[in-house]
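Protein sequence lines, in the order shown, are assigned to chains A and B.
Using the working numbering, you'd call the opening residue of the first sequence number 1 and step up by one each time.
Using the working numbering, you'd call the opening residue of the second sequence number 1001 and step up by one each time.
To be clear, the hints were calculated from the coordinates, so they are not data collected in a lab.
There's no promise every hint is true.
Said to hold, decoys possible - Short derived list, chain A residues pointing at chain B, Cβ under 7 Å: (1) Val135; (2) Phe255; (3) Glu264; (4) Thr268.
Unchecked claim - In the SDA-like style, the derived pairs of lysine to any residue whose C-alpha atoms are separated by at most 25 Å in a straight line are: (5) A:Lys206 / B:Leu1074; (6) A:Lys206 / A:Asn226; (7) A:Lys206 / B:Gln1078; (8) A:Lys114 / A:Asn75; (9) A:Lys206 / B:Gln1077; (10) A:Lys215 / A:His51; (11) A:Lys206 / B:Ala1075; (12) A:Lys206 / B:Thr1076.
Beta carbons are placed, not taken as given, at the ideal position from N, Cα and C, and that holds for glycine.
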Amino acid sequence: MLVNVQVGAPSSGQGRPTTASPPSVVEAHQLSMWYGRTQALFGVTMAVPRHRITALIGPSGCGKSTLLRCINRLNDLIDGVKVAGRLRLADIDVYHPATDVVDLRRRVGMVFQKSNPFPKSVYENVAYGPRILGVTRRAELDAIVERSLRAAALWDEVRDRLHDSALGLSGGQQQRLCIARAIAVEPEVLLMDEPCSALDPVATAKIEDLMTGLKERYTIVIVTHNMQQAARVSDFTGFMWLGELVEFGLTRDLFTTPRDRRTEDYITGRFG
Amino acid sequence: MSASERHTRVAFDDALRSLEDEVLRMGGMVSGLLQRAVAALQAGDRAAAASVVADDAGVDALHLDIEQRVVALLATQQPMAGDLRVVTSILGIAIDLERLGDHAEGIARLAPFRGRSSLARSVVDLSYMTGVVRGMLHDALEAFTRRDPVLAQAVATRDATVDALNEQVFRVLLTHMAEQPRRLSEAIDLVMAAMRLERAGDHVTNIAERVVYAATGVLRPLGGSRAPA
Ligand SMILES: Nc1ncnc2c1ncn2[C@@H]1O[C@H](COP(=O)(O)OP(=O)(O)O)[C@@H](O)[C@H]1O
Ligand SMILES: [Mg+2]
Chain A
1 MLVNVQVGAP SSGQGRPTTA SPPSVVEAHQ LSMWYGRTQA LFGVTMAVPR
51 HRITALIGPS GCGKSTLLRC INRLNDLIDG VKVAGRLRLA DIDVYHPATD
101 VVDLRRRVGM VFQKSNPFPK SVYENVAYGP RILGVTRRAE LDAIVERSLR
151 AAALWDEVRD RLHDSALGLS GGQQQRLCIA RAIAVEPEVL LMDEPCSALD
201 PVATAKIEDL MTGLKERYTI VIVTHNMQQA ARVSDFTGFM WLGELVEFGL
251 TRDLFTTPRD RRTEDYITGR FG
Chain B
1001 MSASERHTRV AFDDALRSLE DEVLRMGGMV SGLLQRAVAA LQAGDRAAAA
1051 SVVADDAGVD ALHLDIEQRV VALLATQQPM AGDLRVVTSI LGIAIDLERL
1101 GDHAEGIARL APFRGRSSLA RSVVDLSYMT GVVRGMLHDA LEAFTRRDPV
1151 LAQAVATRDA TVDALNEQVF RVLLTHMAEQ PRRLSEAIDL VMAAMRLERA
1201 GDHVTNIAER VVYAATGVLR PLGGSRAPA
């Protein structure tokens, strides 16, 4: 395995993440994961830099979503899952038995491929998380809803229909609503699993623009099967293959001068 | 991944191969123009000089065609990694070849004003200098086809020879200018021709740099004096 960023000891190869890279917010160290007897991740070591966009690319089934779902322990919901190695989110040891999973999931928001708004109003979708966290004052909720919708570049389109059903929005609007819902509870990390694969190019461009703005406040990890998208939006890219993180580095370097032959073959379209 | 899982990208590979062929064709044209330009200058052959000037237009056209095909390839095939480096290198190489053609044209344009130059035959031998530049160009393009950074580096090293020859021509002609002021303009033309050959060597060095970049991803000066962008 060739990993350019090591936990606690950033590599200093030419043009690679160096000590100048921002501090990492998520760090995996020799992380392995099994679905029952099938191993899906093999000793992944990776440092996700704070307030940057990190993309995970690789052929279908290579473990991108699995790795993403480790970060908020969404895999816990699946029977027979076993994890080995270490995973840290800021000050939290993610898989420590004493870790509060509810708190972890508040700090790690997630957006899925298929937008999944609740069958409620636009307003209630965004207010949902803050309400669960105990925010009850109407004025405070109003402020959170507006701020989140603005941050998701949706406010101008829905301000007059906040109490209409979210299901009446277009696909692209629904996906931005899901982003607003995720950031309403002020997470530190935003995980996005192929957030644009059901969207047309215009809606995709809006989400990509949005991500670039969001990274000022959040650390974003995006799984995408669209390499051009990874190249466009991300600062760092990891290439996964058969459950291994084969290569991780600055997006610019990975797409112009990959180090591993497997990365080169994949991104030049000669494999997969 | 095993070899059997690798596959080719037929449309991209075909387009790239034909682009590379065009670059080689352009290189061959330019090399011929340099040789013909210097010969025309030495012989004071107006007709030969005029044909070099005319043929340089073909080099310019080839450059524009390559540029358009590179842009189309980037837009339609979105090459990455090694493929991307090769495609962008082709663009850079075509620009340097176009400049090389301009230098050949510049040398040819000196010929008609002088008539037969005895200085060019008896005192300085521009043919040798031209041969060195053309040899470098040949090997730089060979290195490009083979994606051979070692050969490219060796080509760049030879640019020092061209610089030294230019220096030598200049000193010799300076002496002549002092001794034979009546033949001043003939000597100045030869100085200018040698300078153009020296710049040609710089452009070949640029090409060698592109080859190293395409092959390794490292883009850095390979030494020698630099041609302006
Ligand atoms: N819930 C699950 N139960 C069993 N195996 C799974 C489950 N989810 C994914 N896998 C397997 O784990 C591997 C990685 O899948 P996944 O992380 O979804 O890949 P990717 O997101 O890169 O397409 C695949 O072989 C897949 O079949
Ligand atoms: Mg997936």
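The hints, checked one at a time:
| no. | hint | in the structure |
| --- | --- | --- |
| 1 | Val135 | violated, 45 Å |
| 2 | Phe255 | holds, 5 Å |
| 3 | Glu264 | holds, 5 Å |
| 4 | Thr268 | holds, 5 Å |
| 5 | A:Lys206 / B:Leu1074 | holds, 23 Å |
| 6 | A:Lys206 / A:Asn226 | holds, 16 Å |
| 7 | A:Lys206 / B:Gln1078 | holds, 21 Å |
| 8 | A:Lys114 / A:Asn75 | holds, 18 Å |
| 9 | A:Lys206 / B:Gln1077 | holds, 24 Å |
| 10 | A:Lys215 / A:His51 | holds, 5 Å |
| 11 | A:Lys206 / B:Ala1075 | holds, 21 Å |
| 12 | A:Lys206 / B:Thr1076 | holds, 22 Å |
Violated hint: 1 only; the structure is consistent with all others.
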